[in-house]
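Taken in sequence, the protein lines are chains W, F, G and R.
One point on numbering: in the working numbering, the residue at position 156 of the first sequence is 156, and numbering is uninterrupted.
One point on numbering: in the working numbering, the residue at position 166 of the second sequence is 166, and numbering is uninterrupted.
One point on numbering: in the working numbering, the residue at position 55 of the third sequence is 55, and numbering is uninterrupted.
One point on numbering: in the working numbering, the residue at position 124 of the fourth sequence is 124, and numbering is uninterrupted.
Calculated from the structure, these hints are not laboratory results.
Any given hint might turn out to be false.
[To be verified] Some chain F residues near chain R, calculated using beta-carbon distances under 7 Å: (1) E3; (2) R5; (3) E6.
[Said to hold, decoys possible] Looking from chain W toward chain R, a few residues come up when the C-beta cut is under 10 Å (computed): (4) D91; (5) R230; (6) E231; (7) L240; (8) R241; (9) P251; (10) V300; (11) Y301; (12) G303; (13) G304; (14) A305; (15) P307.
Just so you know, even glycine gets a beta-carbon here, dropped at the ideal spot from N, CA and C.
Listed below are the residues making up each chain.
There are 4 protein chains.
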Amino acid sequence: MTEFREPLHDVAHLGAVELLTPKPEQSRWFFRDVLGMEVVHEEAGSAWLRGYGDAAAATLKLTAAPAAGVGTIAWRASSPQALQRRAAALDAAGFGDGWSNGDYGRGPSFRFHDPEGHRMELYFVEQRYQPSEATRSTLKNLPSRYPARGVSVRRIDHLALLCNDVAANRAFAQELLGLRLHEQVVFDDGATEIGSWLSPSPLHHQVAYVVDVKAGHARLHHFAMWVDEREDVLRAADILRENGVFIEAGPAKHNNSQGFYLYSYEPGGNRVEIYSGSFLVLAPDFEPVRWNEADRGTGVYWGGALPASFLQYATPDMPGDDAVAAPLFDPH
Amino acid sequence: MTEFREPLHDVAHLGAVELLTPKPEQSRWFFRDVLGMEVVHEEAGSAWLRGYGDAAAATLKLTAAPAAGVGTIAWRASSPQALQRRAAALDAAGFGDGWSNGDYGRGPSFRFHDPEGHRMELYFVEQRYQPSEATRSTLKNLPSRYPARGVSVRRIDHLALLCNDVAANRAFAQELLGLRLHEQVVFDDGATEIGSWLSPSPLHHQVAYVVDVKAGHARLHHFAMWVDEREDVLRAADILRENGVFIEAGPAKHNNSQGFYLYSYEPGGNRVEIYSGSFLVLAPDFEPVRWNEADRGTGVYWGGALPASFLQYATPDMPGDDAVAAPLFDPH
Amino acid sequence: MTEFREPLHDVAHLGAVELLTPKPEQSRWFFRDVLGMEVVHEEAGSAWLRGYGDAAAATLKLTAAPAAGVGTIAWRASSPQALQRRAAALDAAGFGDGWSNGDYGRGPSFRFHDPEGHRMELYFVEQRYQPSEATRSTLKNLPSRYPARGVSVRRIDHLALLCNDVAANRAFAQELLGLRLHEQVVFDDGATEIGSWLSPSPLHHQVAYVVDVKAGHARLHHFAMWVDEREDVLRAADILRENGVFIEAGPAKHNNSQGFYLYSYEPGGNRVEIYSGSFLVLAPDFEPVRWNEADRGTGVYWGGALPASFLQYATPDMPGDDAVAAPLFDPH
Amino acid sequence: MTEFREPLHDVAHLGAVELLTPKPEQSRWFFRDVLGMEVVHEEAGSAWLRGYGDAAAATLKLTAAPAAGVGTIAWRASSPQALQRRAAALDAAGFGDGWSNGDYGRGPSFRFHDPEGHRMELYFVEQRYQPSEATRSTLKNLPSRYPARGVSVRRIDHLALLCNDVAANRAFAQELLGLRLHEQVVFDDGATEIGSWLSPSPLHHQVAYVVDVKAGHARLHHFAMWVDEREDVLRAADILRENGVFIEAGPAKHNNSQGFYLYSYEPGGNRVEIYSGSFLVLAPDFEPVRWNEADRGTGVYWGGALPASFLQYATPDMPGDDAVAAPLFDPH
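Could you build all of it, start to finish, from the sequences and the hints given here?
Written out as structure tokens, the structure is:
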């Protein structure tokens, strides 16, 4: 038993995500009016938003850009000491990109990238959301009031990132960020790692690395936001349809992760998931669940097959997406 | 920032709970047939059970006893090293009660008690549940199949323990077990600590220490089991009523913890909660939410006041419970 | 079997309800912004509204008045012939108050009153709601789009009216309107009719007559609006609390009617119910379910006792309501 | 207005359905253990069952037969007089097949067939379910206790019948049974009636006539059972998967009917729907909603396309079902 490797706890949680969008006004409408997030700050081509249950001042940044995709992914360190430890380790391993003064709502941040090239940063100091009279909740332990506007997503949940070498990125997240591996899809008798789901906490996953079938560069598969009940996902489907927003897949239930999902594209083109269910991983010696071709099937436990676009389409988009028959965004 | 005290991560989660019951057969019926748990082992006056989502072989032990109450509360360490560290610290602080070979499904366990005198133990080695053909789930990441029998609780969630000195027991849990304090009820301008909710992980709480208004000894307020959806709690209410089981309070929503609850008494007399909702605490610098008399009110956000028995009754029972008008257990 | 009395089908459904309010602006805010109804017309001290699933142009009328209470209750006849038949019968029985040209959205209406004196009318011609571009649903069979604003009640459901002689009013509704009696609360070994639930269709009830414990005149106990899921009622509780609106009782489940309810007061003082669940009565020889003192208990199947105000308070209000401790309306 | 044709109210509701099954034992397991129905009677190759909310003694009959399909479809008349009127009209129109003494739980029944040839009967006298001690509900207005076993369907809801001439069968149901037409799918600029949804009451539909693309004879598309909440349909999907039962489509939401559905095949091969949501039609002058090719699309509002088998497969099965890739029944 003495060989048991103690888990690292230097990363606390996914802190904030930046999405790049060629349609910033429409993306802002989608996240604010359709999903019910609050716009807390706007400046120089970017808007900062949050869900009503996010503790931080800002958890989603929308930045105008020529093409959709993911910008900086910010992880929160567990302590100032942990931030220094991780910065040193990332630097030593050659992934460091130096310190910044931090984005809106964050203190000093250590910038780095994963092996695939996704831009990331680690920070500890964070501005806590201060509600206004209009946004103060009647619940003292809720950062802001339930908006009852549109879907009303509670908080950001996770990211799925595409990469060319899943094993390398997964190992990077385990070794240098200390994330725990909870599930994997491995094909060819274990020879091909298709996807890996990792988390810094009992949440099932806060990042998934999945193989990029088009060999793109540092692309985003999807960004997920949490709602508390499966019924909220069904209600989200009603709301998206009433707003003329394309639903790519779901509501349905994954077998891996047990997540109850709905996938849509925000107007800028990035895939967005409305997510609930799944399960917590509490056991410290949890054995990662591994799915092979036969086990995994289509990745759906019930609720309708995932379309070809689910495999083919990511942001930024690449040639060859002719399998995507559905309109990206066409509100009437 | 250098003063930030790094959190301890030596305790992973609440591992198992022993309930004492003067009506073991009826208690077994309640947890197995009404709540839908599986009986995995029986021996010498005790039965071991688990929820379909519990990773461990056994998470609830029912032990025949003259009076209801809580027996041994088992916490799982994060690693063998963490187990040794905590054992040493508990011993040094005078709370240690020595090592045991472990209960059913557990390896070597270090026994101790909290200041109030609740019996606890810490262990690392745990037998993972091995499903039979009949209990294997079609989901590879689910420890056993969804039973669809009665309430079908997913897993154990938390305990609320009564004590005479909340501050002392809360400090003990923080200092010696490394639990984080997430919420508190403090009266008299901060002079009187009424209750404290603590957790070893982002789960809102896995133990609450609440003042014993009758100055009893090491009593249990309630033991809670998780279901995934608020609708499952409503469905549980239907099922309890159809089985003639007393519902003391709820379905309703607490303000502190945001928990969506239903309180019942199992036939042996112990209060059992069916629980969902609440929220995860991800921020490493989360400021414990403190409620005073005015903030907290009755502790109910909506859904009907808590009855006098909720304050007066605990197990083992004590004289003066005349406020409890409802039958403890009277199935037709 | 030849004695079986064939049911009358001359009344189709509850068509529209007028509520009197001393705080018209605040009442409008409540129904539009908190409950999510649409204001379709405003004129001379009244506002007309509807739920997104109401087929008619208007189903709720708010009228400024010195005191709260119910105004005209409009029932829709099943056919022009049925309208004439009922008008003749009501007139002959001495309850007729003559014809009117109809309120906004309705054709010729025959005015009458029940024995207690509640103002009612019967009509057949009704203006169907015509959605604007902004309110048109993407569902061709939905009268208007799901608003996703506040509670988003679907449609009006029923009324509970207080009266001094339940038996007389119930018999009136059965004989002259052709409503079917589905449930009753009868005390004193059948000697005292406390309440009767009636409906013109398989809906469990669209009107309830309940005894007025204060012997008032033609008062309103509550007006109920439907939501599709029990979860929607829970969500409504969250929304009411966030808007500082008093919740008198629930979310909880009645034993009689099996209704899943939440009772609030709109700012004008009228009790409003958010309602789901219950059951349909399809059998043509359904035996009315009768509850006596013992059967009925508090009227609650689970979810917290109904407060004294539930019995004491109605609109217009009367002296002696000191049992109502809660604020009628106190948004921050 | 004098031309308004008054609706007929001679049929009250769908009373009972007989399903033919080549695997009677497995079908019985499906309806009893997986769906949670009660077997109330067994005799000579048939079993009679009911949902816990069905008022009648028996609402589903399973009969051993060489091939799957629908047997007798029993409609309940609104009165003894209505039964005589309909019998006379059906006989006069040449659809009558004479009187029978009635099946288990039913009185004298008039047998007839629709133009397609589906066997039907009409009856008034019905045996009300008498609960045993074990099945008596704690709710006085619930025919039997909520079983909390498997899906726990509440009651039978509707049938979809295939036919070669939708218009003829739809007109038959309107004219001779008095059902109201609520929705239609009509292609080719109104020239081709693809499907019609009809009901004797405000329920959206209790029978649908849909064109048989294989020109079979009197086939069954599906038989539907009601659950109260959309969450119950999701839970049903979990339960079917855990029992190794094939799910053909859903959980998802139809555009026509707004029904929230899940389609499975019972072991005998008949398609079974678990159904909730939809809407009530209360307006007596409701204009049937008509969908053309463009409006209707795939018939799905959200939740995954319907598979080819949904169009191709019905019972009894016919050659050419090669589009059905999924196993009909393969529990492990």
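Hints and how they fare:
no.: 1; hint: E3; result: 48 Å, violated
no.: 2; hint: R5; result: 43 Å, violated
no.: 3; hint: E6; result: 41 Å, violated
no.: 4; hint: D91; result: 47 Å, violated
no.: 5; hint: R230; result: 6 Å, holds
no.: 6; hint: E231; result: 6 Å, holds
no.: 7; hint: L240; result: 8 Å, holds
no.: 8; hint: R241; result: 6 Å, holds
no.: 9; hint: P251; result: 6 Å, holds
no.: 10; hint: V300; result: 9 Å, holds
no.: 11; hint: Y301; result: 6 Å, holds
no.: 12; hint: G303; result: 6 Å, holds
no.: 13; hint: G304; result: 2 Å, holds
no.: 14; hint: A305; result: 7 Å, holds
no.: 15; hint: P307; result: 9 Å, holds
In summary, the numbered hints that this structure violates are 1, 2, 3, 4.
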